[in-house]
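Chains A and B, in that order, give the protein sequences. The first sequence begins at 1 in this note's numbering and counts up by one. The second sequence begins at 1 in this note's numbering and counts up by one.
Treat the hints with care, since some could be wrong.
Chain A regions said to be covered by chain B (calculated; three or more residues, Cβ under 8 Å) [what the hints assert, rightly or not]:
{"hint": "1", "region": "250-256"}
{"hint": "2", "region": "311-317"}
{"hint": "3", "region": "336-342"}
Calculated from the structure, these hints are not laboratory results. All C-beta atoms, glycine included, are put in the ideal place defined by N, C-alpha and C.
There are 2 protein chains.
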Amino acid sequence: MTNLFAVIMAGGSGTRFWPASRHKKPKQLLALGKTERPLLTETAERLLPMLPAANIVVVTAAHLANESKSALPVGASVLAEPAARNTAPCVGWATWELLKKDPEALVMVLPSDHVIENPDAFRKTLAIALASAASGVITTIGITPTRPETGYGYIERGAQSTGGAYPALRFVEKPDQKTAEQYIAKGTFLWNAGMFFFRAKDMQVAIRAHLPALAEQLDRMNSSNVQDIFPTCPSVSIDTGVMEKLAQLRVVPGDFGWSDVGSWETAWELGERDAHENVVPAGSITVDAKRNLVKQLGTMHGKLVALVGVEDLVVVDTEDALLVMPRARAQDVRLIVEELKKRAQTGQL
Amino acid sequence: MTNLFAVIMAGGSGTRFWPASRHKKPKQLLALGKTERPLLTETAERLLPMLPAANIVVVTAAHLANESKSALPVGASVLAEPAARNTAPCVGWATWELLKKDPEALVMVLPSDHVIENPDAFRKTLAIALASAASGVITTIGITPTRPETGYGYIERGAQSTGGAYPALRFVEKPDQKTAEQYIAKGTFLWNAGMFFFRAKDMQVAIRAHLPALAEQLDRMNSSNVQDIFPTCPSVSIDTGVMEKLAQLRVVPGDFGWSDVGSWETAWELGERDAHENVVPAGSITVDAKRNLVKQLGTMHGKLVALVGVEDLVVVDTEDALLVMPRARAQDVRLIVEELKKRAQTGQL
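So that you can see chain A by itself, here it is in the shape it has in the complex (with noise of 0.2 Å):
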């Protein structure tokens, strides 16, 4: 399919991987997954069976534009956007960019900060998503859920597929427990993982229908004018501009080793483990150390680590900081952050 085309959104910012995550460090320039390298390289890499390199177009910030181009396969191009506001401003441009190029453009939009362990299964669904699209029906992929996890957004799809797509009948928030025991029970729903199949011209059409004032500021927008328009765009969510407002959208059950990588505690479960399920860096030391992530960032490379008697523990090795905690308490790195911002250490995030 020449005209494939995958958007890459890779604005993302967030703190729950500090001290790794900072503002010019986000999560998809980390190595979180089982390699060394960058979840956003990881992400475009996998759709290189699929479409050349030339066809992937990743979305980030300004200040993002540089070192997200180095971690792509040559050939990709970089949108900037100046300023984030959110995903449906960042589809939008992307779309009508794409139709500059291509009218009959069939795109796929994909987070750049996910792992999946299971490629080949992964570029399987890609493939029935896509056909669903290319019908002329945006489409998007619902992980099928392991777990009643509260944090994810869900997806209830309707009984009958077409192709391998069904009909998604609604889009839920987080639930409570409860909820998402019934959901699991169920059987029906699905975990928003945030990916998108449509051709472009179907995006174009739903997004004037939806978020005309969006649209005009796209249709108004070129090269020379982004720095003072892309910044008045409306700040929604692709999800909520958009997609749950459709008159006809369909989901793709996807089982591939998904992860959106959460936490250090993820990133843990992630990694690649030695025979005491402890995640470090080649040539670490351990002694009676069992299940510990030790991770190092920057000129950290290549310290010796070494580890004795501690279990559970998550250490993470940067130019400026040091953390230690155990990997249970993943979550509370955001007290950290509280901190620092009370601090008014901004500059350190």
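For chain A, the structure is supplied; the task is to place chain B on it using the hints.
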């Protein structure tokens, strides 16, 4: 006392403070007390109320001479040993050198790597020991024991003191637990802290009597042949080579908050603790963290340290190594060092 001199023995190596202590950065050059200054610096400056810096001589290894010099008050001098030959040649060399300067030199020999929490009491004890030595009797200080320690040698004292200095009846090696408990119960056993006080001429006589081969080499040694002669001196400690053989030796009991800082555990005990008994760099963020020791060395100084929910850990962060272990495992640093030797990575020690 213008003819009062201090000889500080600073040739130590050792691996108990890995990864901070290395070949080029032994314990005495580390800040292991309450301040950010090396133990050697603290040792020298503690003496300045008693003598001018010019009367301080530091004996160290050749490869440590420059860093030792820069850790000392201006005016102190350094004798750089071409090879490590234990403490008798060290004390002997300094004695012979001081006699060239001042035939009436009164000398105190002190270790460079101990912590003394009460310097006033320490100096009062020194004055008693020096008065005893000035009368022509070689004198030592014995630390009043606070526990049945099996890691130190003991000195048994006699019953009758001469101005605070008791006859030293015998040196005993590190005892077993039961024997150590008997020593404490008896009340006449003191810890050998390696501090010696003498008129230089008395020590010269003692070395001639008990280590004649060493005395002969020291007689021949001068600045142009020290490189050749010193390495051939007998490798023997001043304790076994001289002190234990003296017909008359006195010991002054001392109680001045002494510690030989034997491990990272001791460094935590001696450090400046916060409200939750953490010994951490200024500005650290601690959340539910208790009784931890975090040490930064070299360029790691100034890195933000964040501890969440961890207790009783030792964390040592140097430019080329990061160590994490429970305080209770401090002795097991040797396992790391052994592993490194096994890897033939001796350059990293």
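Broken hints, by number:
1
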